[in-house]
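**Student:** Once you have looked at the hints, place chain S on chain X.
There are 2 protein chains.
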Amino acid sequence: MKFVIQRDELMNSVQDVMKAVSSRTTIPILTGIKVEATEEGLKLTGSDSDISIESFIPKEEDGIVYVEQIEPGSIVLQAKYFPDIVKKLPEKTVEIESDEHLKVTIRSGGSEFHLNGQDADEYPQLPQLNTEDSFELPTDLLKNLIKQTVFAVSTVETRPILTGVNVKVEEGYLNFIATDSHRLASRKIPLDAENNNLKFSSVVIPGKSLTELNKILEGTQDSIQISVTENQVLFRTKHLYFLSRLLDGNYPETSRLIPEQSKTIVFSATKELLQSIDRASLLAKESKNNVVRLITKQNNQVEINSNSPEVGNVTEEVAAKSIEGDELKISFSAKYMMDALKAVDNDQVKIEFTGAMRPFIIRPIDDDHILQLILPVRTY
Amino acid sequence: MKFVIQRDELMNSVQDVMKAVSSRTTIPILTGIKVEATEEGLKLTGSDSDISIESFIPKEEDGIVYVEQIEPGSIVLQAKYFPDIVKKLPEKTVEIESDEHLKVTIRSGGSEFHLNGQDADEYPQLPQLNTEDSFELPTDLLKNLIKQTVFAVSTVETRPILTGVNVKVEEGYLNFIATDSHRLASRKIPLDAENNNLKFSSVVIPGKSLTELNKILEGTQDSIQISVTENQVLFRTKHLYFLSRLLDGNYPETSRLIPEQSKTIVFSATKELLQSIDRASLLAKESKNNVVRLITKQNNQVEINSNSPEVGNVTEEVAAKSIEGDELKISFSAKYMMDALKAVDNDQVKIEFTGAMRPFIIRPIDDDHILQLILPVRTY
Chain X
992 MKFVIQRDEL MNSVQDVMKA VSSRTTIPIL TGIKVEATEE GLKLTGSDSD
1042 ISIESFIPKE EDGIVYVEQI EPGSIVLQAK YFPDIVKKLP EKTVEIESDE
1092 HLKVTIRSGG SEFHLNGQDA DEYPQLPQLN TEDSFELPTD LLKNLIKQTV
1142 FAVSTVETRP ILTGVNVKVE EGYLNFIATD SHRLASRKIP LDAENNNLKF
1192 SSVVIPGKSL TELNKILEGT QDSIQISVTE NQVLFRTKHL YFLSRLLDGN
1242 YPETSRLIPE QSKTIVFSAT KELLQSIDRA SLLAKESKNN VVRLITKQNN
1292 QVEINSNSPE VGNVTEEVAA KSIEGDELKI SFSAKYMMDA LKAVDNDQVK
1342 IEFTGAMRPF IIRPIDDDHI LQLILPVRTY
Chain S
992 MKFVIQRDEL MNSVQDVMKA VSSRTTIPIL TGIKVEATEE GLKLTGSDSD
1042 ISIESFIPKE EDGIVYVEQI EPGSIVLQAK YFPDIVKKLP EKTVEIESDE
1092 HLKVTIRSGG SEFHLNGQDA DEYPQLPQLN TEDSFELPTD LLKNLIKQTV
1142 FAVSTVETRP ILTGVNVKVE EGYLNFIATD SHRLASRKIP LDAENNNLKF
1192 SSVVIPGKSL TELNKILEGT QDSIQISVTE NQVLFRTKHL YFLSRLLDGN
1242 YPETSRLIPE QSKTIVFSAT KELLQSIDRA SLLAKESKNN VVRLITKQNN
1292 QVEINSNSPE VGNVTEEVAA KSIEGDELKI SFSAKYMMDA LKAVDNDQVK
1342 IEFTGAMRPF IIRPIDDDHI LQLILPVRTY
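Keeping their order, the protein sequence lines are chains X and S.
Here the first sequence is numbered in this note's numbering, starting from 992 and rising by one per residue.
Here the second sequence is numbered in this note's numbering, starting from 992 and rising by one per residue.
Misleading hints may appear alongside valid ones.
For chains that are exact copies, the list does not tell them apart, and a pair is met inside one copy or across any two.
Derived BS3-like pairs (lysine-lysine); straight-line CA-CA distance at most 25 Å [claimed, not checked]:
no., residue 1, residue 2
1, 1079, 1262
2, 1079, 1050
3, 1078, 1276
4, 1333, 1179
5, 1199, 1326
6, 1312, 1079
7, 1276, 1190
8, 993, 1326
9, 1034, 1071
10, 1276, 1079
11, 1326, 1134
12, 1078, 1326
No wet-lab data here; the hints were simulated from the structure.
Only chain X is shown next, with the shape it has when bound in the complex (with noise of 0.2 Å):
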């Protein structure tokens, strides 16, 4: 195998596969990363087994030049040393080589870097998925939908299900959904009447996998096609080829968990209860609950409010936009309130409460699709 490549295109190709490299794992072979020379172009691979990314750079694309001098062949580099390599060689351009007793030979200006190794058949073959079940979205929007709901997903292995999101399609909506048990955080968009026969109709995707996903995606209205197996999923660019396996089981029916009639509704500044909520937990850096109190007051304000004997108390005044039905006082999760604030992605926010033990609501104003809930703590 020889090539000589264009050193900025190898580094971020190499930066995206490693998002899938753990230096933990039991296969040996997946501690490196796959180079595949053809005479297409370049291909990068790397893997957990959970999660793997392929990247491609082409020979030449749009007139540029990216790959030369290709003779064809592939073998697997050590992940811990390729990308700091990479990153630091002295040119433009990196040339490099393989040899047939799996001796790598690396050149970029007065620098070479002769490295070990391993075989790339040892490396294991990535599955070929059946895309024929598959959709589309653009980029961006499937990056949202990713930040709006996997910071719900549960962190403990109690029930393995809830380290995933959920997504479904449902009525000519797709559908994200996670939750932890504590809070719950959806958002659905409706589907391109293209996009409208879709075979699958509830899949778990893994949190780890999607927030993976989330950092090598760049935010662009591009297209990213998605395909979707009994057993696993595919994320599809131009040159990037993500693939997670999905978490096997059922995931518990949420729809019951969210209340249809409310009896207090606030209306207010996403900011300023965020910064008020964010304040008034301050002294309870201690305490692993973070618990706020909320209470609705004359003149359409609301007081949050915190205590910890030891260190203090805070009271802060927010001025709600309206308040409207029944006097409230509730306690929560001050991470979870700023969480689920972040995720409404709005000015101004919607709380739907239905007393005190019940579960509430923390909507955008005046849209539906996204939906954010949190069970209240008791505190006497």
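**Tutor:** Same frame as chain X, but now just chain S:
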């Protein structure tokens, strides 16, 4: 005590004094920040008993009012909470008030904090230094003196005196010297005539103190005043007092370590050499020594190489500006060499060797005031 203050000014002062506050102190009240309001303005103090920092915010300066409605008094506030509170308050001004029960109220906009304070009388008094024996330097020059030497102090406590920087007055020069016994960094500057009658000749300032001081000081040409007593040093700018204890004991005489003649001299571009050594050390991540080898070649070429049998090897060719004297092969710590080259602060560097087993010297070209010395490593 009561006052109303500009939040940004308060924040900056809090961040400065926090550099001295440690959560691991054995004196509980030192986990707090002392806040003292006088008719002149507000004084904040933080200390871990090794370092003490005072920051002063004048009531008014250059026609700008910083502190208003002052009722003199003092209190100690927990450093764990106070900085975050100040940072996140909603309005540009903050009102702080304490009562006779040490209860403190902090108000800003709709936000009101009640904190339990501690009695300021229990906070240790900072020693009043006799500041007669003092001299002045431009602040940016002091920052450079620190940066070019402090990295070379010892980080192990086997010889505590080596964890400090030796500051000496000698033959009209002020000299900063640091060594961990494997390498040495020094820089001297000529003293002005007015600074030339200093009574101290040699003190040792803890490296940690200088590192914290460097973080606080802005790189301006304003003067900083330095006062030295038997066991303390005080750095003083217009609104900042930085007091550090000195290290007890005699600093070793280092001048005899510096070879007086050389057998091989390499002149090179600093950055190219630095980057080559950085790359050559990449494969030695595992080994703590991080040793690379330098070999002089024909035609003013320098080869830097390293070999990690399991991973591979690197060879770097660097075009030196010139090489004078004997041929040379020498091994040394890549980290020490990179630290030294960064401290040289010049595009061109002069390296003087006296054989493979003798310490060698790195200096900026045409400037004898900065000197970096490294002991080679035996590799056979």
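**Student:** Against each hint, give a clear statement of whether it holds in the structure.
**Tutor:** Status of the hints after comparison with the structure:
1. Taking the shortest Cα distances, residue 1079 and residue 1262 sit within 25 Å of each other only across copies (13 Å), while inside one copy they are farther apart (42 Å).
2. In this assembly of identical chains, residue 1079 and residue 1050 lie within 25 Å of each other by CA distance solely inside one copy; the values are 23 Å within and 52 Å between copies.
3. Only between protomers do residue 1078 and residue 1276 lie at most 25 Å apart by alpha-carbon distance; the minimum there is 15 Å, versus 39 Å within a single protomer.
4. Only within a single protomer do residue 1333 and residue 1179 lie at most 25 Å apart by alpha-carbon distance; the minimum there is 17 Å, versus 53 Å between protomers.
5. In this homomeric assembly, residue 1199 and residue 1326 come within 25 Å of each other (Cα to Cα) only inside a single copy, at 20 Å, whereas the closest approach across copies is 36 Å.
6. With identical chains, the CA atoms of residue 1312 and residue 1079 are at most 25 Å apart between copies only, with a shortest distance of 22 Å across copies and 54 Å within one.
7. In this assembly of identical chains, the alpha carbons of residue 1276 and residue 1190 never lie at most 25 Å apart, being 47 Å within a copy and 50 Å across copies at closest.
8. In the homo-oligomer, the alpha carbons of residue 993 and residue 1326 never lie at most 25 Å apart, since the shortest distance is 52 Å inside one protomer and 33 Å across protomers.
9. Taking the shortest Cα distances, residue 1034 and residue 1071 sit within 25 Å of each other inside one copy (19 Å), while across copies they are farther apart (50 Å).
10. In this assembly of identical chains, the alpha carbons of residue 1276 and residue 1079 lie at most 25 Å apart only when taken from different copies (15 Å versus 41 Å within one copy).
11. For the homomeric pair residue 1326 and residue 1134, the shortest alpha-carbon distance inside one copy (22 Å) is at most 25 Å, but the shortest distance between copies (41 Å) is not.
12. Taking the closest pair of Cα atoms, residue 1078 and residue 1326 come within 25 Å of each other only across two copies (18 Å); inside a single copy the shortest separation is 38 Å, beyond that limit.
Of the numbered hints listed earlier, those contradicted by the structure are 7 and 8.
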